[in-house]
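Line order of the protein sequences matches chains A, B, C and D.
Taking numbering that gives the first Met the number 0, the leading residue of the first sequence gets 0, the next gets one more, and so forth.
Taking numbering that gives the first Met the number 0, the leading residue of the second sequence gets 0, the next gets one more, and so forth.
Taking numbering that gives the first Met the number 0, the leading residue of the third sequence gets 0, the next gets one more, and so forth.
Taking numbering that gives the first Met the number 0, the leading residue of the fourth sequence gets 0, the next gets one more, and so forth.
None of these hints come from the bench; they were simulated from the model.
One should not assume that every hint holds.
Calculated lysine-lysine pairs in the DSS-like style (CA-CA distance at most 30 Å, straight line) [unchecked claim]:
no., chain 1, residue 1, chain 2, residue 2
1, A, Lys252, A, Lys195
2, D, Lys27, C, Lys252
3, A, Lys252, B, Lys330
4, C, Lys252, A, Lys4
5, C, Lys83, A, Lys27
6, C, Lys332, A, Lys4
7, A, Lys2, C, Lys169
8, C, Lys306, A, Lys4
9, C, Lys195, C, Lys252
10, C, Lys252, A, Lys15
11, A, Lys4, A, Lys46
12, A, Lys2, C, Lys27
13, C, Lys329, A, Lys46
14, B, Lys252, A, Lys211
15, D, Lys329, B, Lys46
16, C, Lys252, D, Lys330
17, B, Lys27, A, Lys195
18, D, Lys2, B, Lys306
19, A, Lys211, A, Lys252
20, B, Lys15, D, Lys310
21, D, Lys136, D, Lys330
22, B, Lys27, A, Lys330
23, A, Lys15, C, Lys330
24, C, Lys83, A, Lys45
25, B, Lys252, B, Lys83
26, B, Lys27, D, Lys2
27, D, Lys136, B, Lys306
28, C, Lys252, A, Lys27
29, B, Lys330, A, Lys169
30, D, Lys27, B, Lys45
31, C, Lys83, C, Lys332
32, C, Lys2, A, Lys2
33, A, Lys45, C, Lys252
None of these values were measured; they are calculated from a predicted model.
4 protein chains.
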Amino acid sequence: MEKVKIGIVGLGRLGKRHAFNLANLVPKANLQAVCSLNEAELEWAKKELETPQLFLSFEDMLAHADIDAVWIASSSVFHASQAKTALEHGFHVFVEKPMGVTLQECAEIEHAVQNHQDQVFLVGFVRRFDPSYRYAKELVATGAIGTPFLVRSQTCDLDEYAEFQLEFVKTGGGIFLDMNVHDIDLARWFIGSEIKEIYAKGASYVHPEFAKLGDADNTVCLATFENGAMAILSASRTAFHGHDTHTEIVGSKGILKIGMTPRRNRVEVFDSMGVHSDCIRDFYERFEEGFIAEAREFIECIIEGRKPEIKARDGTAATRIGMAMTESFKKGKVVYM
Amino acid sequence: MEKVKIGIVGLGRLGKRHAFNLANLVPKANLQAVCSLNEAELEWAKKELETPQLFLSFEDMLAHADIDAVWIASSSVFHASQAKTALEHGFHVFVEKPMGVTLQECAEIEHAVQNHQDQVFLVGFVRRFDPSYRYAKELVATGAIGTPFLVRSQTCDLDEYAEFQLEFVKTGGGIFLDMNVHDIDLARWFIGSEIKEIYAKGASYVHPEFAKLGDADNTVCLATFENGAMAILSASRTAFHGHDTHTEIVGSKGILKIGMTPRRNRVEVFDSMGVHSDCIRDFYERFEEGFIAEAREFIECIIEGRKPEIKARDGTAATRIGMAMTESFKKGKVVYM
Amino acid sequence: MEKVKIGIVGLGRLGKRHAFNLANLVPKANLQAVCSLNEAELEWAKKELETPQLFLSFEDMLAHADIDAVWIASSSVFHASQAKTALEHGFHVFVEKPMGVTLQECAEIEHAVQNHQDQVFLVGFVRRFDPSYRYAKELVATGAIGTPFLVRSQTCDLDEYAEFQLEFVKTGGGIFLDMNVHDIDLARWFIGSEIKEIYAKGASYVHPEFAKLGDADNTVCLATFENGAMAILSASRTAFHGHDTHTEIVGSKGILKIGMTPRRNRVEVFDSMGVHSDCIRDFYERFEEGFIAEAREFIECIIEGRKPEIKARDGTAATRIGMAMTESFKKGKVVYM
Amino acid sequence: MEKVKIGIVGLGRLGKRHAFNLANLVPKANLQAVCSLNEAELEWAKKELETPQLFLSFEDMLAHADIDAVWIASSSVFHASQAKTALEHGFHVFVEKPMGVTLQECAEIEHAVQNHQDQVFLVGFVRRFDPSYRYAKELVATGAIGTPFLVRSQTCDLDEYAEFQLEFVKTGGGIFLDMNVHDIDLARWFIGSEIKEIYAKGASYVHPEFAKLGDADNTVCLATFENGAMAILSASRTAFHGHDTHTEIVGSKGILKIGMTPRRNRVEVFDSMGVHSDCIRDFYERFEEGFIAEAREFIECIIEGRKPEIKARDGTAATRIGMAMTESFKKGKVVYM
């Protein structure tokens, strides 16, 4: 196999980015088909992507497109069923996070992956593909900071997106599932153990509308791992300076800090305001390289017959922990896994 | 009153620094007397400080020294009784943190302060006098970050001092009381509310000896305030890069970060190691200006007949919260104040 | 025209990168042909690029390849003649810097460009396409720093490449022409005036072999513009920390600094060495995004019938100034243009 | 000698700071006398310093004050004559920079120092006493960056002080002598050789009034040392972000950078402006520790019978080079020393 023929489902904001990357920036991928319920999105694809086949139905795409692999970037509620169906039809599957929105869904996916071991299955934990996070992981592997025992990781979105997020909360999983899922995955990745205990707090400090929906705009969570390590996982919908994802890994010999200042570029301004830098605006700007690298890795796993490092059970774990965080936040008590 | 005559008790490592500052760097203070149980320390004072009067007994100093004010830098277990005695004898009193090691002691101090309202009483929460923390406080007061609702604050000591700390733990209050007391005070100072709920975790990840003493070498704590704000308070005895005290104040309009990189000075080295900076070694190096400013403030309060911003009840609160953190850590459960 | 068919000449280290980018990362380019005198390089292209046509002769490629545009990444001595020939044969032309190695060559190019105004001609001043430099340019355009009157710009390569550079110097133009050509272009771009006066100094402080060849390993140059502005242009072949390209633009209202610390990524390490970051290794790592953006701009200019902002006269100016810097350095005196 | 009795002449802005430091922050100094032509300044001293003796005449102070040492902080034009007189009267002498404003004055001072070898003589090159510069000097001494061969050093003052400086220029030595004197001294200190060749440029880019006085508001200078090393010395009167003194020392194994970002304190603000820090306002804020350390060193040299590292010939060199820079700037040509 020289090139992988691929069909994508979902052409929302992030879906369009994935489609563009697959069509243009992943040398060994051929984007053959796109599927969306939204005709305007298909029109966009027709104009921008030179993709031969357009589908309004996911089942149609699976049945009729000339593809080897399916890339799932649809709404979270469809992730699990589409992934399962695609696996069962013999396709390699990439699925955006969250892998599933219930544990039942996750279990079904794990089962399907188990039954189709010759197919590549990858969950989109994009931060694992970011050059800085990969560099950190390599440093940890060399023993540069000894044994990691504490991870602090946070995801903060620009306050100006709060209104958009408010809509999203209505159908999404809430701040812990929607925003911390990457932090959860990173903490597990760096610590190499499972979280056993969760205590989460938060409130709507800036936008009371989130509270009305049972959600929060700023949260923190103290998690404990089976091996005794700890994590502090935070989320904010009210950052005014920019999209601010950062992670600290504390080990027995040193500390790694990743992205502590979300500088947009290499420019600093010195003027009557003092010294200042512009910050990153959104997660895509921060993780663009990671999104491209994750697509390349998916394609290369298929071509080389390799399995990705990320497993279906990582997707399950992130969902389970996000749900436990939500429960702890709502009940005001410690949750044991 | 043009100058304040002062007597100091306690000439340990920090006590010597206080004594030097009072003798040399606080224009309106006259260090008239020093008291220590340790003759070698008195010898040091005789040689270095030009202080006329040396005492082996605190009571003797109170009775015979020609002083207006007492500076208490003795071991923590003596703080409360010496402060109370000095207040009752009519002296102005500065006492190092912790103000007391039990709530009973704290209550007695508060009572004594209440009964001697003409005397200045100050607890050594030195970080409130650090130029960067003061600057941050002023920014918050101007509304620069809106309403603060989350404080993250940590105190980390160099790993090479762990052995020394191990000894100290045997008689001290443990990592929460000994190290986080300043973070507790800062969180209360910036949030302006009282902590009502505590969840603390930690372990001995690097030096198992701390666990044997019922203590830990790395801890984190999630605290909730009565007004709904939150704090993450961390401590570490195992920093390899330097003494690392830093604090973040998250508000409804922006964030202040204080001391995120504990650079020792303004020098950066660019060499085959990449780009690197040396870090601060210990709390005194970090807070030297604060220690001098706190002494000046104490003296100026006396001269000007002012009361310091820090009250006895701030000392009580820090002790109460540190004890709650310890309890939560030991019992593995949420503690409600 | 939906896609631009392109042929590249030169498959050295940088040429391979250009070829890969054109083949894979520039959506509207079709790399149809590659040309190299070196059969191993053609073999590489055959294997990696899926390019249908391979040529050992530049003239053959012009005559027989099915192409619209020529991308010149050959040795500097061939740039001008190949660019001129390609223009005369009706192709759009991209040429790597330097545009020419003599003023006569530059004049001939300018003449050829003049005579083929319907063809796109672009010199590879890649830094103008770097996101940080573009951002700085936009800030200057908005008046953010008032009127720029001083540019400091430097190019520093890793010391470990000095041996390679030593070989390169034997046939190249020396440190001013080979390394400062980008800094010269940036200074002209930001100041918007022509340099009238040059004073350059330097020596071989680390590797005496450069002196033996009449060259230097570290240089500085003070240039004055016709409008009175100034520039400090520096070069070093002996950076131990990394490839360090940085630029400061001083204006009447503020200063922009671009890339002052050449951090490799967003990771910082805090350990017994203090706090440190790894640095960028080479110019390609620093300017990868710029190289891709420059290729996209070239292709889009062709498709949209636009002319690039960079003109042939900018290529001439960089060569002329680099030669004046060399003369000043060699004669030890001020050179007036 | 247990304490050094000292008299200060000059109570301008900087003189007041020196007087306060000597009276309050230098343990082994007794400020016994102050001298000023300005009665209001003497009044200030009487009120703030508890200094017993006040003089309107320098000669009177030398004749009648009970002092061991003289601290000269008067206007530059008086430095040399007062220093010479004080030396001849047997006093230890500290003199602010510049040591003299003509080479004749400098020669006379050198002669006087030569004839009074038992007296301590110190020129106020305060940056040599700054903790960061000292740290850098120690690193260089350990060979951390190999052999230094290039120094870049600049002094920039806030634009809002330009009006004040405009007055000062009328009687002072101009931008090179008034502002670069410290950079000259640092370059000589780190390179350890003498400057042999100077090329300086500059203009009044922001405030044309400086040009009318034959001066400039922004300058750069390329200097060459006898040992082949180079220096770039810059000055600006038009910094909008703060007082910005920084220095880079490039060596054969690495680079030291001192003060590249003139952060005022350890606070960073993250808000809708991005991430920003306030900057230092003036040289005194930047070098306060250095001013105190320089006073302590002067006093300790006297008590311990030591000679300071800074010699009278360092003062002469700074004046000579500042004059050569001025000449190069005015004549538009290279000046050879």
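Okay, the hints, checked on the actual structure:
{"no.": "1", "hint": "Lys252(A) - Lys195(A)", "result": "25 Å, holds"}
{"no.": "2", "hint": "Lys27(D) - Lys252(C)", "result": "46 Å, violated"}
{"no.": "3", "hint": "Lys252(A) - Lys330(B)", "result": "29 Å, holds"}
{"no.": "4", "hint": "Lys252(C) - Lys4(A)", "result": "54 Å, violated"}
{"no.": "5", "hint": "Lys83(C) - Lys27(A)", "result": "36 Å, violated"}
{"no.": "6", "hint": "Lys332(C) - Lys4(A)", "result": "64 Å, violated"}
{"no.": "7", "hint": "Lys2(A) - Lys169(C)", "result": "44 Å, violated"}
{"no.": "8", "hint": "Lys306(C) - Lys4(A)", "result": "37 Å, violated"}
{"no.": "9", "hint": "Lys195(C) - Lys252(C)", "result": "25 Å, holds"}
{"no.": "10", "hint": "Lys252(C) - Lys15(A)", "result": "41 Å, violated"}
{"no.": "11", "hint": "Lys4(A) - Lys46(A)", "result": "19 Å, holds"}
{"no.": "12", "hint": "Lys2(A) - Lys27(C)", "result": "19 Å, holds"}
{"no.": "13", "hint": "Lys329(C) - Lys46(A)", "result": "58 Å, violated"}
{"no.": "14", "hint": "Lys252(B) - Lys211(A)", "result": "21 Å, holds"}
{"no.": "15", "hint": "Lys329(D) - Lys46(B)", "result": "58 Å, violated"}
{"no.": "16", "hint": "Lys252(C) - Lys330(D)", "result": "28 Å, holds"}
{"no.": "17", "hint": "Lys27(B) - Lys195(A)", "result": "57 Å, violated"}
{"no.": "18", "hint": "Lys2(D) - Lys306(B)", "result": "36 Å, violated"}
{"no.": "19", "hint": "Lys211(A) - Lys252(A)", "result": "45 Å, violated"}
{"no.": "20", "hint": "Lys15(B) - Lys310(D)", "result": "35 Å, violated"}
{"no.": "21", "hint": "Lys136(D) - Lys330(D)", "result": "35 Å, violated"}
{"no.": "22", "hint": "Lys27(B) - Lys330(A)", "result": "56 Å, violated"}
{"no.": "23", "hint": "Lys15(A) - Lys330(C)", "result": "59 Å, violated"}
{"no.": "24", "hint": "Lys83(C) - Lys45(A)", "result": "39 Å, violated"}
{"no.": "25", "hint": "Lys252(B) - Lys83(B)", "result": "43 Å, violated"}
{"no.": "26", "hint": "Lys27(B) - Lys2(D)", "result": "19 Å, holds"}
{"no.": "27", "hint": "Lys136(D) - Lys306(B)", "result": "45 Å, violated"}
{"no.": "28", "hint": "Lys252(C) - Lys27(A)", "result": "49 Å, violated"}
{"no.": "29", "hint": "Lys330(B) - Lys169(A)", "result": "38 Å, violated"}
{"no.": "30", "hint": "Lys27(D) - Lys45(B)", "result": "15 Å, holds"}
{"no.": "31", "hint": "Lys83(C) - Lys332(C)", "result": "35 Å, violated"}
{"no.": "32", "hint": "Lys2(C) - Lys2(A)", "result": "21 Å, holds"}
{"no.": "33", "hint": "Lys45(A) - Lys252(C)", "result": "48 Å, violated"}
Violated hints, in rising order: 2, 4, 5, 6, 7, 8, 10, 13, 15, 17, 18, 19, 20, 21, 22, 23, 24, 25, 27, 28, 29, 31 and 33; the structure is consistent with all others.
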